[in-house]
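Peer 1: Following the hints, position chains B, C and D with the ligands against chain A.
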Amino acid sequence: MTQAAKAMTSVSVALAGSGGAGVMTAGNMLLEAAAQAGYYGLMTRSSGPQIRGGEAAAMLRIATTPCDSVDDRYQVLAAVDWGNVARFAAELPLEASSLVVGDPAQGEPPEVFLKSGARYAPVTLKATAKKIPGGWPNMVALGLLGGLIGLPAAALRAAVEKSMKKGGDALAASLAAVQAGVGEAAKIGVRYPLAPAPARSSRWLVTGNQAAGYGAIRGGVRFVAAYPITPATELLEWMAPALAQVGGTLVQAEDELASINMILGASYGGVPSLTATSGPGLSLMIEALGLGVAAEIPIVVVDVMRTGPSTGIATKTEQADLNIAMYGLHGDAPHLVLAPNSVADCLLTTQWATHLAETLQVPAIVLSDQFFGQARAVVERPADVSFAGARQRAEPDAADYQRYALTPTGVSPMAIPGTPGITYTADGLEHGERGTPSSAAADHLAQMEKRARKLDSIDYGEHWAEIEGEGELAVITWGSCTGAVREAFARAKADGVSGRLLSLRLMSPAQPQRLRRALQGVKRALVVEQSFGGQFMRYLRGEYDLPCELTSFRKPGPLPVRPDEIHRKILEWSRA
Amino acid sequence: MTQAAKAMTSVSVALAGSGGAGVMTAGNMLLEAAAQAGYYGLMTRSSGPQIRGGEAAAMLRIATTPCDSVDDRYQVLAAVDWGNVARFAAELPLEASSLVVGDPAQGEPPEVFLKSGARYAPVTLKATAKKIPGGWPNMVALGLLGGLIGLPAAALRAAVEKSMKKGGDALAASLAAVQAGVGEAAKIGVRYPLAPAPARSSRWLVTGNQAAGYGAIRGGVRFVAAYPITPATELLEWMAPALAQVGGTLVQAEDELASINMILGASYGGVPSLTATSGPGLSLMIEALGLGVAAEIPIVVVDVMRTGPSTGIATKTEQADLNIAMYGLHGDAPHLVLAPNSVADCLLTTQWATHLAETLQVPAIVLSDQFFGQARAVVERPADVSFAGARQRAEPDAADYQRYALTPTGVSPMAIPGTPGITYTADGLEHGERGTPSSAAADHLAQMEKRARKLDSIDYGEHWAEIEGEGELAVITWGSCTGAVREAFARAKADGVSGRLLSLRLMSPAQPQRLRRALQGVKRALVVEQSFGGQFMRYLRGEYDLPCELTSFRKPGPLPVRPDEIHRKILEWSRA
Amino acid sequence: MNAPATATNLKPQQFKSDVKPVWCPGCGDYTVLSSITKALAALEVRPENVAVVSGIGCSSRIPAYTTCYGFHGVHGRALAAATGLKVARPDLTVIAAGGDGDGYSIGGNHFLHACRRNVDLTYIVMDNRVYGMTKGQPSPTTEPDWDSKLSPHGTGLREFHPLVIALASGANFIARATSSDPNGTADLITQAVRHPGFSFIEVLSPCVTFRPEQRSWKDMVHPAPVEPTDDPARAARRLMTDDGFNIGVLFAGHRKPYRPEASASPKRVAELEAEFVL
Amino acid sequence: MNAPATATNLKPQQFKSDVKPVWCPGCGDYTVLSSITKALAALEVRPENVAVVSGIGCSSRIPAYTTCYGFHGVHGRALAAATGLKVARPDLTVIAAGGDGDGYSIGGNHFLHACRRNVDLTYIVMDNRVYGMTKGQPSPTTEPDWDSKLSPHGTGLREFHPLVIALASGANFIARATSSDPNGTADLITQAVRHPGFSFIEVLSPCVTFRPEQRSWKDMVHPAPVEPTDDPARAARRLMTDDGFNIGVLFAGHRKPYRPEASASPKRVAELEAEFVL
Ligand SMILES: Cc1ncc(C[n+]2csc(CCOP(=O)(O)OP(=O)(O)O)c2C)c(N)n1
Ligand SMILES: Cc1ncc(C[n+]2csc(CCOP(=O)(O)OP(=O)(O)O)c2C)c(N)n1
Ligand code: SF4
Ligand code: SF4
Ligand SMILES: [Mg+2]
Ligand SMILES: [Mg+2]
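Chains as they are written, first to last, in the working numbering: chain A, 192 to 767; chain B, 192 to 767; chain C, 247 to 524; chain D, 247 to 524.
Worth flagging that the hints you see were computed from the coordinates, not collected in a lab. For each residue, glycine too, the CB sits at the ideal point set by N, CA and C. Some clues are possibly wrong.
What the hints assert, rightly or not - Not everything, but these chain D residues come out facing chain B in the computed CB check (under 10 Å):
#1 N255
#2 G319
#3 N355
#4 S397
#5 T455
Said to hold, decoys possible - Okay, the calculated beta carbon distance ranges per label pair:
#6 G272/D / G374/B: 35 to 43 Å
#7 E290/D / R572/A: 47 to 55 Å
#8 G272/D / S577/A: 53 to 61 Å
#9 S462/D / I649/B: 58 to 66 Å
#10 P599/B / N255/C: 53 to 61 Å
Bound conformation, chain A alone (with noise of 0.2 Å):
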């Protein structure tokens, strides 16, 4: 007897098991269906310390709009077996109206999963499977899930079909598997059915490591050189094969330090250059960051963040290479700092630094993170922007050309190399305006000055920032907390409390006058932040004279920051 259900607009689930139990590849396939029905959805995952073969879990959101984080509690767990699923209970939060789907043949859920009061659901995912000759369990349970949120039959087999181009028997067996399943779904008595579809638009499937990656493409990036690192090596691995088909190459390097003094020389040498890794490697990226901005060489560092210090937790998000991006450098070094806010918005803003990068000769940061690297969403499909390389190149036999002339906007020309006539040296040793090395104070003292000016010498336009909504109070954030930040301001709404969402996507050069043009009249903002330390808060404390009180919500990683969290915070800041 089924529950008189309400549709809902987002439904979130997740698919547990052991390793071998093809928990991931159900997983993408239920998000592919999803997106075939016409919704949005966003897909993480997350997996024991095992190398391989290790329980996994696949937490799927759906909804009628664009999920930028994932939400507070999940609706439906189904698990293939229950091995050492328990260790994802602080992943996947339940609650008393959420079901647990497990196969019986399988043991009991863990107490952990049942004492928040979700109702179990037994479901023999096994032996229905094994009535299907070549049918497996978890296709029995993308069926389940399918049904259980009522995607239509069609978009299921659309998925499959795709995923399995094929075709023949396993196919076949996978959608009767799959077909099992939703009848199952039906026979539980409870669903969380989504709304129906909003109007179809032209949409994407694409993680953030890709998203970024084809941002760089698109922002005239033509060689790579890298080390792998999770959860960057996506990233790369995506480019590889792309940017040879634009003619571009990609290079593994023996280690970071190779990768970045390689794209520096290929920067150097004209053509737009990026690398892409996390928190270790970029450690041992920073001398190299040095030189690029001493002999203005533009770079694009994608910084994939992970939970840190050290080795920390590979897999994992945290947001905490903020200081080390905007204040790891030795000397005074001015250089981009650049973070995207979603998972399409890594592709804006990666095109973005990379534009930025050339147009000022100088290394850009983009600090994106393990969430949205290693999400895949479903997304509207992001704007045309023109941002392209747009590097200052010098003339051939230009006169009395001088690579690091103090101009009034501090970007100087720059001579490529194969032009006649201004050949020069780049150095990162302190120069004269040739770049002829220099020890006295008046070259350092104009040096620095240009290098710092030419971070100001530009408009850097709407982008500096999203900007949201009204009032005297604001949320300050960044990054991949903005999409929580916005649904709890959402939610706030109804509890009667709105305000402003600033979420920066500039982070050096700092834009104080800007800043506090979108702050005026606030009168209190919260800062939120996933870092142990409040790194943002005092980023923010440092480089902005911020009009109003200030107050720190932060937690490290590795969970996400959930929109719940955030939201009770607003409402007890709002009224405190």
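Peer 2: Showing chains B, C and D with the ligands alone in chain A's frame:
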């Protein structure tokens, strides 16, 4: 005809010349002579870009009280020849009452020196030296400078004898040349006589690099691994034989990555360990510093700062590695940062840093700089402080030993290899109390809190800062600006302006309560630092809630900060 | 190594900790772990007098799986940490261990200089010709035509030859082992630890997950057809033409291990300040 | 190298800039600079089509003393920067240059991997067996008993053998030159640049300031008594027993230079997004 000259409490003189002219030798002897005569003194040096054989200048300040700063202007500039000496003009400010001494056979002094209005006194240094078989012009110049400032003949003699231990003809010739120089001084008709020397006390002649090295050994350091880099090399070169004599070891590593990982290995083995470097090397140590934080392995890194960014100006000073030292690590990685505030204080601060690192099982960065490191100074013998290695070691066969136990202080007893029954694996991966890798949010949070907590678990006592004076105005500064600020305040007193001097020795962890107390009653504070970007100012704003209005006074290297510029700033600012 | 103070009677099992390896079922590293514990038992050392030092990678997880002191450092720096430890604590038996990526790619420079420095420690590389931990990228020892996402159609690069490099840089003991022969590997490790100076063992240790074809290595390995030599030039020639599957000690030299000189004129700390006193 | 589009008639002098070297009078690096400019003239390239890339050290100052494009990077990373440049800009002639400290100590890993990668560039090391720039510390090629402040009584470490390492890691052309024979060195550089793939020239270049005894090198060098070989194993044997003063081409191999594959299915940028479109 000698002008009636008032006795001076501080005289600054410089000796310059081309490579091979022996100006450094003569400068060192002059400092030694001043010390023998009971004066305090400070000698810094400068040389041209040539690796060897280029122009050089020895710059001395000799005074009746300790010299923690260079003075504003030089009373005497003597040149053995004028070669490229003009390139030192910015470093050798003169005034109308100054004297320029040069050998007329070497041409006229460069205009840049005379435009100060300084008087030019031609002295035939070379011809005078030639008259003495084996005599050299630099020794004549030594005598001349000694004569001009009124050093007793016996002190000059003693200094020459000390540095020419072999004696014989060479010694006799030098003594004669010095004597001839004294004679030439008398003929000039101007003198800059020093006031009588103060009462004798127990004093040292030492460089900041030596003092830091000795402080480290006093603190218990017995293993050093390092890679040469200007201006830290002399610290290592002093330590190499010194360590060997006290049963320690210095290893020259293949690079900075190796040096810092070597000292982590050695310290993990229970031996207090150190490395010394400068900006470019520190950049390469960032990743392993994070390992020290996460795995809780004490180490000391002395960063002898030079002008940045990148390779910058290797032989010149600047205070612009504060950012990287404080915030350079990826992830949230609390650690210690300390800074000496005088040449002599390099001893105490490095010793204290070693003590704190060992006590708290955390890396400590000591921010010295080129000015301290390479300056030779006559200083009061530093007090014996009892800071020594105090690592909490775990007992053999301790029951249920957990390396990363969540103790109330955050400091957990460390098992030292060789100790039975408590073996463990040190790990830079996030871990539980036992050290086993963990990606659980609870473990991450607990260990983050532990690592942060321990830094606040001890009373840092009075050493956290130097605090002098009273009043509603304060100057907040650090490191090698301290001496100049102190002197500026002393002068401002004569102008009826007084205030407090606050020089921070403990940069991290920040001491907000202490600072607030120290600033009680202060209305306005001037923040003085030698960095283009205002790193210290941003640090103060970010880390502290300063109860007063802040004004920034900053300049980059390579020129030292001089008392006069701060004095003028204090006057202008205090009256604004 | 340094001679143990007293002989022990420990079983290999007593060198194995209770921490469950993260390794995939069938990974070659399991038997390397067994070989190490067997060797330690044979060496009659006590776990507290042994330190196992590593970098990052699947193979680099090994320290925590022993009951010895362990140091799981950062990627590529195992040899640097091991060097510092051994020089500061010459009484310990120090074993550095890790993977081909850790040791030959990011750690290549330390490998060169550790061979040259000849500190008395043992370096065990579990070579699976792939980056296992990061899920299957080519390492320096990967075959040029091995297809992967990061290097579609292969890297096209000649393999790095660890044994030749070790020899060229001065390693004092060079052996190749295979995880398919745990006892043989244990024996080679025992010899390596006993040999004074820097000893290097390359262990063929399949990654069954990303390089399942390496399971066939067990059929390709064979004992080295020649006796070990102490002549580097001869060894060079031999190693450069070696098929990559010769198992055994391939070079054993006589260079004196690095040991910092003790001072001829030891002093108390306070005496050092004499040179500053005026 | 890449063939110049049109032959030029430039004189060596035209490859020398007006920047005054910081080098000490008598430093071997002056003649290495001359040899480079002579070689470039002989190669009939134009300065704007040549890039000279270096790290940090006395010798690493060399780029600015030429009229070519120069890149004076950070310590030890010349080969990485040169590799990126050449791969991105295969049309340029790329020469990396620097010292023994820069190349064999901090830069050792890039040396290994550049040899292995075999990108078509030339690496010239001015070996003076000392860190000149930092005023006299031992480098990897320094004799074990050379006394210095940092290593009183010497390091006790066996010298690093650059040619053997280059060979072991796969360099495609290996020569030793001497700064006492500028024409001979120019000729070797010319050959090296012409040879496809990674070519390595070790130049004995005395540091007259910190190693004045190296002035006598000019009397110790002699032409290599044998013909160059293309057999690595034979070259290994020869190099390992070499006296360190053999001048000439010691190995010239036939490995194919690294060159990224052009895609069989080129696309416009916008086409890449097809895979995301739902
Ligand atoms: C500085 C840094 N760069 C990259 C990584 C990512 N990473 C972890 S393990 C690894 C390679 C492991 O390969 P290998 O050493 O062969 O060990 P295996 O997993 O194959 O045993 C890499 C690149 C890292 N942890 N740190
Ligand atoms: C990261 C870093 N570490 C150390 C230094 C200091 N340093 C500059 S040059 C040099 C060694 C130079 O030796 P070599 O490469 O042999 O060149 P040479 O001066 O002998 O020609 C060192 C250690 C530096 N600039 N950067
Ligand atoms: S991925 Fe490969 S190397 Fe890593 S544990 Fe699995 S089988 Fe072993
Ligand atoms: S110090 Fe040595 S290497 Fe450097 S320039 Fe002088 S002679 Fe040449
Ligand atoms: Mg491997
Ligand atoms: Mg050298």
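Peer 1: All the hints need checking, so say for each whether the structure fits it.
Peer 2: The hints, checked one at a time:
Annotation: interface hint on N255/D violated; nearest CB of chain B at approximately 34 Å, more than 10 Å. Evaluation of the G319/D hint against chain B yields a held restraint, the C-beta minimum of about 9 Å falling below 10 Å. With a cut of 10 Å, the hint placing N355/D at the interface with chain B holds, because the nearest CB-to-CB distance is about 9 Å. Against a cut-off of 10 Å between C-beta atoms, the interface hint on S397/D holds, since the closest Cβ of chain B lies about 6 Å away.
The beta carbon of T455/D comes within 5 Å of a beta carbon in chain B, closer than 10 Å, and the hint placing it at the interface holds. At roughly 38 Å, the beta-carbon separation of G272/D and G374/B lies within the given 35 to 43 Å, and the hint holds. Range check, E290/D to R572/A: about 53 Å between beta-carbon atoms, so the 47 to 55 Å window is met. Range check, G272/D to S577/A: about 58 Å between beta-carbon atoms, so the 53 to 61 Å window is met.
The given range of 58 to 66 Å is respected by S462/D and I649/B, whose C-beta atoms sit roughly 59 Å from each other. At roughly 41 Å, the beta-carbon separation of P599/B and N255/C lies outside the given 53 to 61 Å, and the hint is violated.
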